[in-house]
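Protein chains in written order, with the working numbering: chain F, 84 to 420; chain L, 17 to 279; chain U, 4 to 258.
The set of hints was computed from the structure by calculation and includes no laboratory data. Each residue gets a CB set at the ideal place from its N, CA and C atoms; glycine is no exception. Treat the hints with caution; some may be incorrect.
DSS-like mimics (lysine-lysine), calculated; alpha carbons at most 30 Å apart, straight line [said to hold, decoys possible]:
hint, chain 1, residue 1, chain 2, residue 2
1, F, 400, F, 218
2, U, 131, L, 36
3, F, 418, F, 114
4, F, 255, F, 397
5, F, 340, F, 362
6, F, 286, F, 255
7, F, 181, L, 66
8, F, 114, F, 147
9, F, 112, F, 356
10, F, 243, F, 264
11, F, 147, F, 366
12, F, 239, F, 397
13, L, 66, F, 397
14, L, 66, F, 403
15, F, 400, L, 66
Sample of chain U residues with no beta-carbon within 10 Å of chain L, all distances over it, derived [claimed, not checked]:
hint, residue
16, 60
17, 110
18, 136
19, 165
20, 168
21, 202
22, 213
23, 215
24, 243
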Amino acid sequence: MTTFTRRTALSLMGAAAATPLIGLPAYAKTKVRVGALRFTSHSASFVAFERGYFAEEGLDVEFKFFQAAQPMAVAIASRDADYAVTAISGGLISLADKGAAKVIGGALSEEAGTDGQKFLVSDAAYQAGATALSKLDGKSYAVTQAGSSFHYMGSKMAAKEGISLKFKPLQKVGAIIGALKSGQVDAWSIVPHIAKPLARSGKVHIIGNVADYLPDYQVTTVFTSAANAANERVKTEAFLRAFSRGAADFNAALVDKTAGDEAAEQMVKLIHKYVYASKPYEKARNSIINGAMRINEGAAMNAASIQDQIDWFKTEKLVKDHITMETLVDPSYVKAS
Amino acid sequence: MSEPRPVKFRGGGFAPTSIKWIGPVVFIVLIGLLELGTQTGIIAPLTLPKPSDVLATFGELWRSGQLWLHLVPSLTRLLMGAALGVTTGIAIGIAIGLFSHIRAGLVPLVAAIFPIPKIALLPLFVIWFGIDEGSKYALIALGTFTPTVVATYGAVDNVDRSLIRMGQSFGLSWRSIVWKIVLPGAMPGILSGLRISLAIGIILLVAAEMLGAEHGIGAYILQAGSLYDLERLFAGVVILSLLGVTVSAVIGHLERRILRWRS
Amino acid sequence: MDLLVKQVSHRYGDLDVLQNVTLDIPKGKIVCLVGPSGCGKSTLLRLIGGLEQPSSGQIVQIGDPPDACLNPLTYVFQDFALLPWRSVEGNISLVLEDHDIPGHEAQRIIADVLERTKLTDFRAALPKQLSGGMKQRVAIARALAVNPAVLLLDEPLSALDSQTRELLMDDLLALWSRQAFTAVYVTHNLHEAVRLGHVIAVLSRRPGEIKQLVELDIPLGERSPDDPALQLHQQHLWDLMREEAIAADKELVDV
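Isolated chain F (complex conformation) (with noise of 0.2 Å):
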């Protein structure tokens, strides 16, 4: 997580106390605070800002990024943070369930045609006859915490093949690749931006697309805290739709690629700014272009994605049996398909 002091987050609330938002004129601005992690899939807030959407909105945006997904929710429900994209996780349906958090729009899904998550084995998993997701039975798979989203990939997709998995929680993503790389652990799922370095290096393989176990997977979702999607409707409007705007350049660029070549080229800079900043633009770019993944237009929700998740962390016993679709999502802003 950035710094974040208690003063600047009294002095944020105070502004945002003196602000009025109801009946917002356009001139005026509102400040929100914006959670991202350095990923290529949270691109939609990083060019809505960067394109000035968000002031368009009357929005004045400021960025707090975090390490993982976890601590940034905990950070919206504690009011830490305004909005933010995150999986759908045990931990957020949990926060939901208390009050504290809600999906308001869809973020990042899967689509058939579109380069998307993949399944990988390590190299001596594959040696050893591994070579295709139904021979994985009794392996061992990694995901981050149990009611992650690995965990629920890797569990659909056992129960599709009608194999078991040994799931094994190694808490990061650093550590799960460490493990796969020195096979600690047989298999794992995740965005293609890091599995095509990974099969490149010769010491995991990729055996299988997300998609084809879960079409049409959100995957991510944007959210806010409950009293937000209840009580600041107009600002959260405004965000969505500042949002939406960048997620549609960044579709046409990287993902659909109807906008043409200066225009992609233009967006991997954009991008590059706030993902791989450490890395040179060469390198980055490739790494920018391979995790495009579509960002839902107008960030739709894919209802019965969201559904299954939820049945799912039900059947495993993950999260509380009355959870519904009304715990988690404020169906209000956005369209549902």
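Starting from the known structure of chain F, fit chains L and U onto it as the hints suggest.
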């Protein structure tokens, strides 16, 4: 000359006595206040769970048999790791206490290892000892090893030299002096070191179960944390506390038995 | 077996502690070493028993120790040096365990020394349960168990109160009368010296040398505490030591 009067008493205080009932009362009052606060909504559900819900979660753990599913692997890890760490720690500690060369060679090394946060070494241990039980034993073993070494050689240093001199004056063999004089003489220090070592072992249990543990109290707590399931989180923490209290009671019992000779 | 201390000198660093001490310790006699504090009498005792090596001179053993002797030169310490985790019996068996003595024989020895020191009823007691006098009896019983050729007693009664001291002195006299033993007895208490010593060696202050050897002809069994002859001897010893004691008292302690 003024009136004769009794001498004023001024010798009170500074003599702690054990008042057994206050401890439990503090616990009960605190938990009662938390229950009241969470029931009335003064304390938000995001801040703290209801103590009664934590108890219910614990009851559910007990009834479903999940408790043993998590407790048995954790206890095994603690036992194996601590047994390994404590026995080598006592052996090395005694060697440091007895031999000047070993002392000169190992004391700086132990001092260098002691402050390393063992959790930081966990990824390394995974490479060395495997992601399964090996790395977990190793982490707990290393964590309990260093405080045991320090406590043991301190205890050996504190063994009454006149007893060792007595042993020599009666022509006792070196072996006999170590086994019958040094070791029992160092036992009070070793046992109080054991208290600290095992507490560290319990702390490291959670860290050890961060990597690749499906079951175990530490894994249970970590999972509850990542799911923001505060009831389970607290139920797990309570189990660890109880584990700590139990270990401390066992050592206390051992002390009373083994150190019966102390006045 | 006799012992002979031959021209022994000892120093710690550049501090001379003992200078040219020659002393005969004949079989069956008690030799008392007295002197002002810091005169090196305890050091001399450690040299005699081989716990330290003299800087020059030597300690010579003349003749062989008796056959049943397990530890020819055996100490009794001022602080008793009992293992607090062992019972009275355990403390005595400690010194027998390294000697391949069959169990029943060890039991016999323990029963014998406990009987001689009037400790039979306290066999199972732990040291913390015993008074100072009892603890020193245990230490003496332990010393007797190894059947020593020479007993080396280092201020054995100094940690005890005066009544207990009198009782233990009587016990030591009774033990010697029953079976005469050889002993070197270090004390700063002149009363003990005249009650127990056949020969009393008076040491000067540091560096200690033998100032005078006083021989007492009165048989041990006939020495009573208020014997005027003994009191005369005690006065004589005090006259010898008085100046030394005053000077020793004024020395700065820097060792």
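Here is what the structure says about each hint:
1. F:400 <-> F:218: Distance ~27 Å between residue 400 (chain F) and residue 218 (chain F) Cα, so the pair holds.
2. U:131 <-> L:36: holds, 28 Å
3. F:418 <-> F:114: Holds, because 26 Å separates the two Cα atoms, which is no more than 30 Å.
4. F:255 <-> F:397: Roughly 24 Å between the alpha carbons, so the hint for residue 255 (chain F) and residue 397 (chain F) holds.
5. F:340 <-> F:362: holds, 24 Å
6. F:286 <-> F:255: holds, 19 Å
7. F:181 <-> L:66: holds, 13 Å
8. F:114 <-> F:147: Within the cut-off at roughly 13 Å; holds.
9. F:112 <-> F:356: It holds: about 24 Å lies between the C-alpha atoms, which stays within 30 Å.
10. F:243 <-> F:264: holds, 26 Å
11. F:147 <-> F:366: Answer holds: residue 147 (chain F) to residue 366 (chain F) is near 25 Å, not above 30 Å.
12. F:239 <-> F:397: Status holds; Cα separation ~14 Å.
13. L:66 <-> F:397: Holds, because 22 Å separates the two Cα atoms, which is no more than 30 Å.
14. L:66 <-> F:403: Measuring from Cα to Cα gives roughly 16 Å; hence the hint holds.
15. F:400 <-> L:66: holds, 20 Å
16. 60: holds, 21 Å
17. 110: Holds: least Cβ distance 19 Å, greater than 10 Å.
18. 136: Holds, since 17 Å exceeds 10 Å.
19. 165: holds, 24 Å
20. 168: holds, 21 Å
21. 202: holds, 23 Å
22. 213: Fine: 24 Å to the nearest Cβ keeps residue 213 (chain U) off the interface.
23. 215: About 29 Å separates residue 215 (chain U) from the closest Cβ of chain L, which puts it past 10 Å; holds.
24. 243: About 31 Å separates residue 243 (chain U) from the closest Cβ of chain L, which puts it past 10 Å; holds.
Violated hints: none; the structure is consistent with every hint.
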